[in-house]
Amino acid sequence: MDFNDTPEENNFRSEVRDWLKNNAPKEKKAGGYDSIDVQESALSRARDWQAKKAEAGYAAITWPKEYGGLGGSSIQSVIYSQEESKYNVPTGFFDIGLGMCIPTMMAWATKEQNERYVEPALYGKEIWCQLFSEPSAGSDVAGVRTKAEKDGDDWIINGQKVWTSGAHFCDFGIIVVRTDPTVPKHKGLSFFFLDMKSPGIEIKPIRQISGGSNFNEVFFTDVRVPDTQRLGEVGEGWKVALTTLMNERLAIGVPKSADYSSLTQLAKDVILNNKPAIKNDHVRAKIADWYVQSEGLKYTKMRSLTSLSKGETPGPESSIGKVVSAPKMQDLASFAMDLQGAAGILNDPDMSLMHSIFQNQWMSAAGYRIAGGTDEILRNIVAERVLGLPQDIRVDKNVPFNELADSR
Amino acid sequence: MNFDFSEDQKLLKEQVAKFLSDNCSIDVVREILESDKNYSDKVWRGLVDLGLTGTTIPEEYGGLGLSPLELCVIAEELGRASAPVPFSSSVYLATEAIKLFGTDKQKENYLPKLASGEIIATFALPESAMEPNPDNIQCTFSSGKLTGTKMPVPDGSYADICVAVVKDKTSDSIGMSIVDLSTEGIEKKTLTTLDQTRDHAEIIFNNALSEIMNSSGDGWGDVQQILDIAAVLISFEQIGGAEASLNMAKEYALDRFAFGRQIGSYQAIKHKLADMYIKIELAKSNSYYGAMMLNDNGSDLKIAAAASRVAATDAFNFAAQENIQTHGGIGFTWEADTQFYYRRSQVLGLSLGSIASWKNKLVTQLEEKNN
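Chains as they are written, first to last, in the numbering used here: chain H, 162 to 569; chain V, 1060 to 1430.
Isolated chain H (complex conformation):
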């Protein structure tokens, strides 16, 4: 048992290190928790860095060479990410496009379409977003109501999407819409890709409880999309959507957050029952619990990487990450604020202890427990796909969509 690279992995790591050393920006990685609100300068830096990576083949390591990838393995992709994370490079703008949208295109679009769209996405020239969630379709995403109606060789889209990351700077999007409301839910969907600059698309940022804006609402009013941009057959959009959703599980995670070590730091600085909080047995027990969870996730990842390293598919244990880490983010932050007593309510980085990291984390954690699969949906997935328990009874299964009970 060891964490060492195989000789091949080690060679690849050295290549990557050399390349990063010669090509990555030299600035130190910034500590703290930056706002991820988009700034033009960051986007432009990100595009430059993406183009450089694409040129070297590192932008999509596991993609086949014909699409501009490296034709490499998953473990090589992990090794690249590990090394790149040591540098202060702008990331995040292309993850959804390259992680979810383009793989869906590769699986379902024509050869000509892929020749047109894959390369500009890979080089960061064109950015993609995913238009699935709606106000009435969250966990039950097949319940979308945005509709598309055929008009000659085009489709006319009307409705609303929500929680669309990056819609305001994206060039293209993939969308799942209802083309037949008279058949049961999953059977009346179709899937398209579209130009986000099409007339009739209106994008409004959502302001989150944290005050930041990382997502948008997207309104569609008589938006015209050519039938040639349909992916999959009419009425088989759900099948295409599953390709995207399978990739989502790989793309969505939880950012590095304040953990047991930050809590230990805080506990040394604050007083509880007339002594430093770190001397309090209850505080120590909580630190131990979160240490065990963090280490458990860290070594679960090592187990998955071991499978990848052997060329195997990771086991189901890889599915527990977010359902553990997101609630931990929230609970730990809440506990850390409690240790600050009444001053725990301060959310001013200049005034509150440790620059408000716990307060900010507590706010954002509420969102991470929902994004990319709620705690509840993730438990269903573990129960159904890992343990083989039956699906819940679905009252909407054989009912035409337009006859379903309406939630409002």
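Quick caveat, the hints were computed from the structure, so don't treat them as lab data.
Idealized CB from N, CA, C, for every residue including glycine.
Mixed in with the good hints there might be a few duds.
To spell it out: a stretch of chain H is covered by chain V in this simulated footprint if at least three of its residues, at any positions, have a beta carbon under 8 Å from a beta carbon of chain V; those stretches are [claimed, not checked]: (1) 455-466; (2) 476-485; (3) 551-557.
Okay, the calculated beta carbon distance ranges per label pair [as the list claims (entries may be wrong)]: (4) H:Gly253 to V:Ser1080: 48 to 54 Å; (5) V:Lys1101 to H:Gln552: 43 to 49 Å; (6) H:Pro225 to V:Lys1101: 55 to 61 Å; (7) V:Glu1066 to H:Ala212: 58 to 64 Å.
Some, not all, of what chain H presents toward chain V, calculated at C-beta under 10 Å [what the hints assert, rightly or not]: (8) Glu170; (9) Arg445; (10) Ala544.
Chain H is already provided as a structure; the job is to place chain V on it using the hints.
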């Protein structure tokens, strides 16, 4: 990246699993619960015949000379079967103690007999409900004689020898001594415990002949070292038991119908079982790291051992109790097999001292590491 057991180790695991499924069904465990027997001699003999009691004993002493990683995979299967045998006390605790702190003569005397199964050993640390510490150990070793009381001593009713943690009068420090439990001046009383499939006894030593063992100079530290080794190994037993509990709950949730459907289709049950799975995987990952540190004698062993212990105890306690809950009323009956894991989870969870204490130990080690 090679954070996994080897193919040979996985093969050994399958071999042990096969032996136990053939010879140690839950009915065998039930037989021990319902009879006066202290353990299953047949299962124990089988394990001895496979050479498993000598897994980590060097070949020069008649053992297999394998690594602690082999013990980890064996432990997981013993836990899965809830096997009524003295493996943890004799192998993880006493044998490891003699390997580490036995004199040459003691090793020559005892290790071959432990490997061959001629004797069963145990390890005696606690003396009462008070958490043992260097200041409250009352058992004293003086002029080759041991006096005092140990309880609960696992497998104490029938073990042949005992490694006891003692106050050594000569040096006025903590040490360990070996006692032949058939010598004069020893009184044994079998205790009534939560899990009668694993024997525990009170042993009173009254000027019993005993041999002091070697010490690193920090006798209490030596004891902690043995507890750390056992913590990692027992965590694998806990993982095996937790997986067996989850599996039992899952099977029941698929078979049982209520309100016209399988109870496993209700989210309340699904989420409960998903939580068992999550806790088990977190425990497994911590224990893998514990195993790696044990095998490498790595600098993180103390932290990893405590983390393994905390995570695996949480996983097994939760899985065993929620397995009963999933079964509903039938799970609370004497006829149901849910009780074996429920009982065993507490015996394993408490065997090396309170979890509150291990959590404190974990944080203390973290503080030392980061200072």
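Hint by hint, here is what the structure shows:
{"no.": "1", "hint": "455-466", "verdict": "holds (count 9)"}
{"no.": "2", "hint": "476-485", "verdict": "holds (count 4)"}
{"no.": "3", "hint": "551-557", "verdict": "holds (count 4)"}
{"no.": "4", "hint": "H:Gly253 to V:Ser1080: 48 to 54 Å", "verdict": "holds, 50 Å"}
{"no.": "5", "hint": "V:Lys1101 to H:Gln552: 43 to 49 Å", "verdict": "holds, 44 Å"}
{"no.": "6", "hint": "H:Pro225 to V:Lys1101: 55 to 61 Å", "verdict": "holds, 58 Å"}
{"no.": "7", "hint": "V:Glu1066 to H:Ala212: 58 to 64 Å", "verdict": "violated, 44 Å"}
{"no.": "8", "hint": "Glu170", "verdict": "holds, 7 Å"}
{"no.": "9", "hint": "Arg445", "verdict": "holds, 4 Å"}
{"no.": "10", "hint": "Ala544", "verdict": "holds, 4 Å"}
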